[in-house]
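S.K.: Chains V and A, in that order, give the protein sequences.
Position one of the first sequence corresponds to residue 6 (the numbering used here), numbered consecutively onward.
Position one of the second sequence corresponds to residue 19 (the numbering used here), numbered consecutively onward.
Honestly, the hints are just simulated from the structure, not real lab data.
Idealized CB from N, CA, C, for every residue including glycine.
It cannot be assumed that every hint is accurate.
As the list claims (entries may be wrong) - Label-pair ranges, simulated between beta-carbon atoms: (1) H34/V <-> R152/A: 40 to 50 Å; (2) G88/A <-> D299/V: 39 to 49 Å; (3) L94/A <-> H34/V: 54 to 64 Å; (4) P40/A <-> A31/V: 51 to 61 Å; (5) E497/V <-> D84/A: 51 to 61 Å.
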Amino acid sequence: MTAIDALKLNPYLAALSGEDLNTIAAALHVFERGDGHVFIREGERDDTIYLVIEGEVAVRRDQRTLERLPAGTFFGLIALVDDAPRAADCVADGAATVATLSRADYDRLVNASGHIALAFQQTLGAQLASDFRNVSAQIHDLLNAPEGKPDEIPIEDCDVVVIGGGPLGLIYATWVKRFRPESRVIVIERRDHPGHKVGESTLATTVRAFRAMGLTYPVMRRLFGNKAGLRWFHTSHESDTLNQQIDVVDIEETYQVERRVLESALQYLATTREGVELITGVKVLIKESDLDGDCKLILCETDDKQKFTLRSRVVCDASGPASVIPRHVGLYRKQIEAHRTFNYNSYFAYFRVKKDVPVDFWSYPATRHICFPEGWLWMISLISWRDTPDENMDQIIKTLIDHPEGVDETYPTREQLKAKFGGITEPIVSIGFTIRDDRDVAHLRIEERFNYWVNQYPAIRWVMEHFELIEAPYEGKQRSYSAFMQMAHDVERAAGDGWCAIGDSAMFINPFFSLGMNYGAGTAYIAARDTAEGLDKGDVSRAAFERYERYVREIYDQYTNEIDMYYRAFNHEDSYERAIALKLFFAISDVLPRDEYNESDPYIWNPLDPVWRSITNRVADIQRSGEINGTPPAEVARQIRAIADPFIEEIAQRPEVQALEVERYLHFYDNAGHHTEANHDKLRGAYEAIRCENCKLWYDDSIPACPNCGVENPRYEQPM
Amino acid sequence: MAQITAKAFAVRFPSLAASLQPDELEALISLLKLQNLDASEALIAEGTQADSLFFLWDGELNIVMDTPEGERQVALITENEMFGEISLMSPGLATATVRTDSGCTALHLDRASLEVFWQQYPHAASVFLNVLCRQVARRIRTANETLNQLRSESREQQLPAALVKAHSQLFEERPS
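Use the sequences and the hints to build the structure in full.
M.R.: Set out below in structure tokens:
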């Protein structure tokens, strides 16, 4: 179709002479553009008018196509008439040929000839009037839409959608708001209310992240059980005792955390203090969502099957192992071959203490690990609120968080809160195995596997005699034993154009050293920073997440190797001891208290240090070869000692490590880095837990009274 | 209405009057017919054929649309405004009902008379079209706003309870 053909589709113009039409056509500038080309953008100031010559042009506002303009239609007329900004987007719908007529040319045409002017005015008038009819018809339809039967899925706009209202999703959401307060951040969560997941053993960096979210020490002391460090033991087929004890204790106040309580508290803080919006009981229909455009359209469905769409610039996947986006776009993988390692299975249950295990300081509230050649056993003492109904729990959390900030003794005790709001707590112990999958007893069911490992090692069997199983401990769960099989996974990419995956959605390495929460908080922090900066710059493409992408890649690769090193070191009690000592001496100066979570926390323990990477690679390689070649574990342990000893001794001599007096924290080591007999009379560390004489629970020694029952701390000294 | 003078017309419709020659204006005024409306009377009924141009001389008119719950006002025409131009420029049924609440006076010019007038006075036609196009542009913008308003209203009605809750603080709404 020519420009003249298109002009002649308008009756008033068709009545003009061929000469007049040629005059008009000569003033037109004709060009073709591909699908999606934006001819006119809403809000822009420009008064060029357009004529569709071939193809179709869609008029869009609010991502909604209002109408499609066929050949012969003029558009962009309103701005010509009233000089105001453009009223809608006009976009090529498929390839389209259009002609433009500038304001100056239009004026020249109508001034030059009276009848051209009239024909044009009548054409524009008719077109405008018809445009008005169109809008009017839409108003009419909207007013007459049947009630309760929406013809379209409602759309809600925001800057960032977070899939998953677990701790890391909330931490990410909060940090985005802190870095860029004007952002609208909506978190969607599958569950109506936080429920049971695995308990967490937290380390200092994670507690700092919680504190950054607004969880204060007095609040955490009442919600969670105290944790004061880590202890390791080794056992093997050759031994019926717990050997080579390693402690790293007395460093900083941390907690054993029950997930429902943690999530509820973080949800409350994020929504009431930070302006994060949270929608619960909603699932994401990822297959029907659109992640391709500049705006992400996330289709959500409520429990009662109502749908709505969230439209945002950025989507953060914090869905945990569900890894919603990476799986959807085919980037999720359990590919460990590249790292020449194995995957891991964990299975666990909850127990009551029948009687204390007669091992020195056994009850000290540290996470205990018993390592053996196929894996290790964890023992985490929790304060469980599992019998407290959600509503009562929420009241307790709300009361604590809303309590005016002050010193610990101004807060109600846990017992007072329980009495007032109907709370029930019980000290329980989470006990679980993590086993290399190349050495697991795959033919057995979960419970059988658990008991298999208990019975494999006399020392473990003996320890387990002091505990009794709690049958089906958590509401809604029929089984006593839970499992996570083949846990390690990562993603080919952790971010794309307008999206990122954080926490377990991006990677899970291993429960050893609580990596999931430690570096999960790191992923939340760095991804939130990239998100906020990207939104500010107007670029949230994959390139905007480059720093984040590198972070995930480097942390995953290093720790996959490092974790491989520990597990293989469990083959022998000497290599076990040296491998963990390597970590403790290397990391200890980075473990001690810092006040606030800051940009160094995502890199806690300095795992990307080149010397450290090289040492861990070498040790892992030696062990790998040893396993392949059937080298006796004692011999492999000697080779490891040859690498580890000088490294540990060198670190122990560093002034910053000397200044720490590591003996205060590592009770089974001297300041030179040698494993020694226990000396619990060493100088007090930076932190100490005390056991309440009344309720027998552990708490921070520096506060005047037990946060659980309020009985005075006999060792407390009033600050001068 | 014998007493309509060019002067009175120019006071009420200045942009049109100022652009017309005195003879064009006189000719136009001679074609206008007065129409008085009683309270709640409709000047134009939605869905009927309408092809006249009106000049509201006195009073107010509501533009209303039919809905299942009865009529709903979508716009207002105030004194000294022209209307009816949509049907004039894009023949078709009236898009809305135009009704007065408390009575009004309008001047009325039917299409046939207008077309004759335009043929006699081409310059006046151009002036008219200019004014009318601007007016339609204004109407489109107002209608767009109305449409947006209605969309957001209907969206709120349609929003799932979960999303509505998210706007307030969900935690606060849990039963205690």
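S.K.: For each hint, tell me whether it holds in the structure or not.
M.R.: Comparing the hints with the structure gives:
1. H34/V <-> R152/A: 40 to 50 Å: Once the Cβ atoms are compared, 25 Å apart, the range 40 to 50 Å for R152/A and H34/V is violated.
2. G88/A <-> D299/V: 39 to 49 Å: At 42 Å between Cβs, range holds.
3. L94/A <-> H34/V: 54 to 64 Å: violated, 41 Å
4. P40/A <-> A31/V: 51 to 61 Å: Since the Cβ atoms of P40/A and A31/V sit about 37 Å apart, the hinted range of 51 to 61 Å is violated.
5. E497/V <-> D84/A: 51 to 61 Å: holds, 57 Å
In the structure shown, a violation is registered for the earlier hints numbered 1, 3 and 4, in ascending order.
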